[in-house]
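Asker: Listed here are the chains, written in short residue letters.
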Amino acid sequence: MLCEKAGSPRAPDLPVGKRVLKRFPPERAQPHLFSESFPMRVLARLNRFFWKYKRLFIPGLLAALVSSGFAIVVPIVVRMSVDSIPRFVTLYKSYQGTPFADALYAEFFVSLLFFGTVIIVLSLLSGGFSFLMRQTVVVASRHIEYDLRNQLYDHLQNLSHDFYLRHATGDLITHATSDIEQIRRYVGPAIMYSVRAVVIIVTAMTAMFIISPQLTWYALIPMPFLAVSIFFVAHMVHSRSDALQKQYSVLTSRVQEALAGIRVLKAYVREEMEATAFEDESRTYRDRSLDLARAEAAWRPIFLILVGSASIIVVWIGGRLVMEGAVTIGNIAEYLIYVALMTWPVAAMGFVITMVQRAAASMDRLSKILDEKPSIVDGDQTDPSIDTITGAIRFENVTFRYETEGATILKNVEFDVRAGTTLAIVGRTGSGKTTLVEMIPRLLDASEGTILIDGRDVKTIPVDVLRRAIGYVPQEVFLFSDTIANNIAFGNMDADSAAIEAAAEEADLLENIQDFPDEFETFVGERGITLSGGQKQRTSIARALIRNPDILILDDALSAVDVNTERTILQHLRRHYGKRTIVIVSHRISAVQDADHILVLDDGAVAEAGTHDLLLSMNGIYASLHRKQLLEAELEAIE
Amino acid sequence: MSEDTSNETKGIDGPLLRRIITYLLPYKGWVALAFVSVMTAAFLGPLKPKLVQITIDRDILTGDLEGLQGMIMLLFGILVIEGILSFVNAYLTQWIGQRAIYDLRTKVYRHIQRQPLRFFDRTPIGKLITRTTSDVESLSQVLSAGVVTIMGDLFKLIFISYFMFTLSWVLAVVTLAVMPLMLIASFWFKKKVREQYRETRKQVARLNSFLQEHVTGMKIVQIFGREREEMRRFTDINDSHRQAHIKTIFYFALFWPMIDIVATTALGLIIWFGGLNAMSGTLTLGVLIAFIQYARQFFEPIRNLSDQFNTLQSAMAGAERIFGLLDRDDSLKEPEEPVKKDKVFGRIEFQHVWFSYNPDADPDDKEAEWVLKDVSFSVDPGQSLAIVGATGAGKTTVISLLLRFYDVQRGAILVDGTDVRDLLLTDLRNQIGLVLQDVFLFSGSIERNITLENPEITMDQVKAATEAIGASDFINRLPQQYEYDVRERGMSLSHGQRQLLSFARVLVYDPGILVLDEATSSVDTETEEVIQRALEKLMEGRTTVAIAHRLSTVQHANQILVMHRGEVRERGSHQQLIAQDGLYRRLYELQYREQEQSISA
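Residue numbers (this note's numbering), protein chains in the order written: chain A, 84 to 722; chain B, 687 to 1287.
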């Protein structure tokens, strides 16, 4: 990402002014542990996806059924083989010595081989279907994740500028990544585990009850405890890992701040104190880690003791029943496998509940974004017959504030620019220049007053027609991590390489590009070369010029280039004089002095207006600015 | 922030691993205890099927109810002990590991903090944050579970084999025959999944950076009407992300059934061979049932071992980066026999100082990139010096050198006649109060920002200082007054308010020398008056070196130094310099005359 506030070396003297990020309090209020209706109501929004991917879900859930069915037969075969052994042994002994014995041994050999083979075949079948189950249900969850993320991004693109002023980038990324992941776990794994768990538990219990209701009751005693304790431990693990995550950010920002303020720390000899404070935060982090470790360590004894005691109960009660002759030794082996089979599904029920809760909380956050309405869109006022723009701009008594009772950023601004002429705006940092120009492409709408383009209310012009006619060079240069050519062609996708080169030439960037390793194909940003502030600005200008716009807006777009380059670019722009309206915001008199009309903004209001000569003769803000810049140039020249 | 945290596979490097392990040495008693506990658990687990075998053959088949009950009690007892031990193992290893991690983290942090400013000029903060956070974190698995767990799992395998062989060597061989399959499956899976994870991570990173970039640059996307095209590109990236995950699902979908099939194959073989042996009378039913359980017990330690192998590999990369940082120490040399000073009078002297930010600049090379060239001046105790000049004249460098943020290449800087290099850094800096142009505030309360968490400074002192500075008015109007959170970098305060806080900071520390880099940005007239009065208060009785942007500061300075391109061009008082009609005169016109107009107006 290339993002830089080019220009103005002065730190803006705005405590909470300009770009205040009004962050909503983090809405992480966890729904109550057992409130049933909330998760289901929120998650109902996802039901259409189940329908959409029914071709994956239906076979997948059937595969889950079949796979569990095969798995449940294995213990039965084990019991049959174990029980057959003593029978055969008795039989074999009574025929020992007779020729019959060999035949018996052969038959037994075959039947045991058969049992062994059946077990292996059953597990192959069960495994095959469980493979199919994951390949459908979990895959479907990835499709849904894909759909949801596309939907979110599409929606984000439609939301207006004001939405982005209210939401931190980091939060939006979190919605698009971790919240969607939480939801995916619900539509995929959670559903899969539940189906599988229900099937295994029901069928295994049925099989067990048929053999011996008494043994079954005893063997199942630990199971509910297992599900309930897993649920609580899972809950504990989640809340503690959230707490750990929070402390991790605290630790990270502590280091970040300390290192950013290292001059102050060193100047005031506070290193030792800061190191101690860092140690305190590290210790808290360690303690949070150990809180989590305790909860995680609890898994093991829970599993071990509950599952282990189920096995011991089977041996104990089963042993007594064997003595009474009610069941066989084979049944004990069979039950031991059933208990092992049921462990994971029962535990999964505990996990699934937490998964559903977390998914619901994520879905709730996501829904708030998805339900947000874009504030600047074509509406009833829009006149679809408008498809071209000439470029006359007129502000009638325009006032702007971010919120109804917020501070006024622009006060009763009035001006009139004929198509094809140049308007220049000067003024101190924070005087409202950027806000003013952002209203032309309708990034913001006026709170009061009217903006007219070609004599028509800007709100009647279709948004895409308006923006297509505008070339905009923002104050904060923003380029994408892509090639130079693509960054320039961003302004006009249909541009061929000749057009890209022409735009680069006009922005006085061509020579620079020819020095780059891959010329126009050079990557900029993290994966490529780092451009200087001036090169970035000129790329940004080329991107606007390639649109061949009817209105060109340069918001302090020449601050990082030297005076000579500025002059060259301005000369290039003058070639289009009369055919293109130019709005230029600048701190430099040299960039604005030739404009047809100059506005001097002060504290949101127009303080002075007129041509360069007129403003100089007024001997006000503009004239003093002019004087200072002459002196600066003079100092600059001293060797 | 994840510039180079890629935990790419590396071989396991012996010396590096040993160096990691040294961080466990302070806890060797606890490590030994964990070892004993892990071993005991590794023995008790495999003991249970053996006991089940005994009770089946000895008690159940013979109808000995008492024997059965006794054995059940024993089994429950073992189970409870095993449960407790498993908790102790998991927690104790973490307890040790987290302590070692804490030691390492604070060591890394202290090391970084000790480095001179030159180090911070060339190292991005993000990189240093990564070292203290995620790189250290990558060692936590090795230092906690690592070694002890690996031993535990190995011994568990050995104990299982031991019990199996003593019960029936034929069945033991049969069962162990599938073990290579299990090993191959586990390690094959880990390898595939690791490769796939690398791809997945790449796709996740692509997706995140696309989102990051486009959410930040949404304005550009919208103004340029690129929504449709960007949506198409997002869909592409999202699709690659989905494909990478779907591939990973394939391996998981294959792995779990595979493990199950291998375990069940062992079961099938046990039934077959076991049955035949039982027939010939060499095997009891109890043994058969015990083997059915052993066949399932085998898998867990094998899976753990392949996990541990992985974390060990990823820890190597992090360890290498951390030790690389620790092994290079550039901190400024402290004098061997420091000159002790009880009280500073505040005489400052620069003697023919030459300085370049390039540490290797040759002192005799006149062509090197000198930021300061032969700068000399002196300030008497209690006097004030104003430095003026255009951007890039070297003004800020002068104050950085006075605080010994850097060492000079030629010449000397003296405080009360002693070279700053002969003083302890703490002694030197304790005598200097620094106010930077861009006031740096830490997130936290107003009080924290004034005291900088020095416990020796009392609340009364803080209140007195803010009172004297004229900051108490605005502080008392804030919601929590001195407890008010100024937020990151003092976001919730105005520029003027931040300046006043940094003045109060100087006042509570009460240094003999004040170093001031005045802010250029304008504040409203009312605040300006408060600030000017505060400055007068601050300068009272202190030697002051100021980079002046205020007319009042230059007018009241005892001496003005006019710098241009690293050299002192003019010096004298305001009146003298104005009369000279040189550089100062122009600077005055540019920077200060307007203030005169606005004051007179």
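Among the hints, erroneous ones may be present.
[Stated by the list, open to error] List of simulated lysine-lysine pairs, DSSO-like, C-alpha gap at most 27 Å:
#	chain 1	residue 1	chain 2	residue 2
1	B	K876	B	K888
2	B	K1223	B	K1149
3	B	K1059	A	K329
4	A	K329	B	K905
5	A	K451	B	K905
6	A	K542	A	K135
7	A	K135	B	K933
8	B	K1029	A	K329
9	B	K1059	B	K1029
10	A	K711	B	K876
11	A	K329	A	K135
12	A	K137	B	K933
13	A	K329	A	K456
14	A	K456	B	K905
15	B	K1081	B	K1019
16	A	K494	B	K905
17	B	K1029	B	K1019
18	B	K1223	A	K542
Simulated from the structure, these hints should not be mistaken for lab results. Computed from a predicted structure; not experimentally measured.
Asker: Which hint numbers does the structure go against, in order from smallest to largest?
Answerer: Of the numbered hints given earlier, those the structure breaks are 3, 4, 6, 8, 9, 10, 11, 13, 18, listed in rising order.
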